[in-house]
Amino acid sequence: MTEENNNKMMVYAVELIKGENVAISTSGIRYVSKDNFLHDAYKIINCRLVDCQCFEYKGTEYDVWFDDEFFFKDGPICPTLILGDLEPDAFTLICDNFIIAKCGEEAETIGITKEEANDLATFLRENTIKLKQAYDKGLFGGKKTA
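My numbering puts the sequence shown at residues 45 to 190.
To be clear, the hints were calculated from the coordinates, so they are not data collected in a lab. One or more hints might be untrue.
[As the list claims (entries may be wrong)] Below, simulated DSS-like cross-link-like pairs (lysine-lysine); rule was C-alpha separation at most 27 Å, straight line:
1. LYS176 <-> LYS117
2. LYS117 <-> LYS158
3. LYS174 <-> LYS102
4. LYS117 <-> LYS87
5. LYS158 <-> LYS174
6. LYS176 <-> LYS62
7. LYS181 <-> LYS87
8. LYS78 <-> LYS146
9. LYS181 <-> LYS52
10. LYS78 <-> LYS181
11. LYS102 <-> LYS181
12. LYS62 <-> LYS102
13. LYS52 <-> LYS117
14. LYS158 <-> LYS146
15. LYS117 <-> LYS62
16. LYS87 <-> LYS52
17. LYS62 <-> LYS174
18. LYS87 <-> LYS62
19. LYS78 <-> LYS52
20. LYS102 <-> LYS146
21. LYS181 <-> LYS146
22. LYS102 <-> LYS176
23. LYS52 <-> LYS146
24. LYS52 <-> LYS102
25. LYS78 <-> LYS174
26. LYS78 <-> LYS158
27. LYS102 <-> LYS78
[Unchecked claim] With beta-carbon atoms standing in for the labels, derived distance ranges:
28. ALA134 <-> TYR75: 29 to 37 Å
29. GLY185 <-> ILE73: 29 to 37 Å
30. LYS102 <-> ALA151: 19 to 27 Å
31. ILE61 <-> ASP95: 17 to 25 Å
32. GLU152 <-> GLY182: 36 to 44 Å
33. SER77 <-> ASP129: 17 to 25 Å
34. GLU105 <-> SER77: 16 to 24 Å
Note that the Cβ used here is the ideal one computed from N, Cα and C, for glycine as well.
Work out the full structure: start from the sequences and follow the hints.
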């Protein structure tokens, strides 16, 4: 990171580009302000109210920041992350844009490393399969498929 970016921290972001009949997910490393994380988070997530939930992957605890009001938005919602077990009432569904960072010892938001970003890319690929499995089980409503 260059000297002009020393006030920035690395996070992993997933953002949707929504079209009329399709949504395309883009993901990867983003740099956000250390001092003004929430301001940057609101812009990336594109929301009025954020929520945060902790999850663990490969022994590392992460925080996912997401739109707390995604169910109340106009138009279709797009599931982008599922945390927990694939059983009714045993998972948390996150829709649309989100940011993944970590939490420091004093509950402050801290950035991730490049190695952790690579781990998160793998986690999100695995999570795409998990989202499909949840859909096939009918966990989002609608019909189950065998």
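Here is how each hint holds up against the structure:
Restraint check for LYS176 and LYS117: the C-alpha separation of about 23 Å stays at or below 27 Å, so the hint holds. Between the alpha carbons of LYS117 and LYS158 the distance comes to roughly 33 Å, so the proposed pair goes past 27 Å and is violated. Of the supplied pair hints, the one linking LYS174 and LYS102 holds, its CA atoms being roughly 17 Å apart against a limit of 27 Å. For the hint pairing LYS117 with LYS87, the CA-to-CA distance comes to about 16 Å; that is within 27 Å, so the pair holds.
Note on LYS158 and LYS174: the hinted pairing holds, with a Cα-Cα distance of about 24 Å set against a maximum of 27 Å. For the proposed pair LYS176 and LYS62, the alpha carbon gap of about 19 Å is at most 27 Å, so the pair holds. With a CA separation close to 34 Å, the supplied pair LYS181 and LYS87 exceeds the 27 Å bound. Distance hint between LYS78 and LYS146 is fulfilled; the C-alpha atoms sit about 12 Å from each other, no more than 27 Å.
Pair hint LYS181 plus LYS52 does not hold up; C-alpha atoms about 41 Å apart against a cutoff of 27 Å. For the proposed pair LYS78 and LYS181, the alpha carbon gap of about 40 Å is over 27 Å, so the pair is violated. Among the hinted pairs, LYS102 with LYS181 is consistent with the structure: their alpha-carbon atoms are about 26 Å apart, no more than 27 Å. A C-alpha spacing of about 31 Å is found between LYS62 and LYS102, which places the hinted pair above 27 Å, so the restraint is violated.
Using a Cα cut-off of 27 Å, the hinted pair LYS52 and LYS117 is violated, with the two alpha carbons roughly 30 Å apart. With a CA separation close to 13 Å, the supplied pair LYS158 and LYS146 stays within the 27 Å bound. With a C-alpha separation of about 13 Å, the suggested pair LYS117 and LYS62 falls inside the 27 Å cut-off, and the hint holds. Distance restraint check for LYS87 and LYS52: the Cα-Cα separation of roughly 15 Å lies within the 27 Å cut-off, and the hinted pair is therefore satisfied.
For the hint linking LYS62 to LYS174, the alpha-carbon distance of about 22 Å falls within 27 Å, and the restraint holds. The hinted pair formed by LYS87 and LYS62 meets the criterion: a straight-line CA distance of about 16 Å does not exceed 27 Å. Distance restraint check for LYS78 and LYS52: the Cα-Cα separation of roughly 5 Å lies within the 27 Å cut-off, and the hinted pair is therefore satisfied. For the suggested pair LYS102 and LYS146, the alpha carbons sit about 14 Å apart, so the restraint of at most 27 Å is met.
Distance restraint check for LYS181 and LYS146: the Cα-Cα separation of roughly 31 Å exceeds the 27 Å cut-off, and the hinted pair is therefore not satisfied. Between LYS102 and LYS176, the direct Cα distance comes to roughly 22 Å. Compliance with the 27 Å bound is thereby established for this hinted pair. For the suggested pair LYS52 and LYS146, the alpha carbons sit about 14 Å apart, so the restraint of at most 27 Å is met. This hinted pair checks out: LYS52 and LYS102 have alpha carbons roughly 25 Å apart, not beyond 27 Å.
For the given pair, LYS78 sits about 32 Å from LYS174 by alpha-carbon distance, which is inconsistent with the 27 Å threshold. Using a Cα cut-off of 27 Å, the hinted pair LYS78 and LYS158 holds, with the two alpha carbons roughly 17 Å apart. Restraint check for LYS102 and LYS78: satisfied, since their Cα atoms lie roughly 25 Å apart, inside the 27 Å limit. Distance hint for ALA134 and TYR75: a CB-CB separation of about 35 Å, consistent with the stated range 29 to 37 Å.
Taken as a hint, the range 29 to 37 Å holds for the pair GLY185 and ILE73, whose Cβ atoms sit roughly 34 Å apart. A C-beta distance of roughly 22 Å is found between LYS102 and ALA151, which places it inside the suggested range of 19 to 27 Å. Our hint of 17 to 25 Å for ILE61 and ASP95 holds, since their Cβ atoms are close to 22 Å apart. A hinted range of 36 to 44 Å holds for the C-beta pair GLU152 and GLY182, which are about 40 Å apart.
Checked against the given bound of 17 to 25 Å, the beta carbons of SER77 and ASP129, roughly 35 Å apart, lie outside it. Between GLU105 and SER77 the C-beta distance comes to about 22 Å, which sits within the given range of 16 to 24 Å.
Figure legend: structure checked against the earlier numbered hints; hints not met, in rising order: 2, 7, 9, 10, 12, 13, 21, 25, 33.
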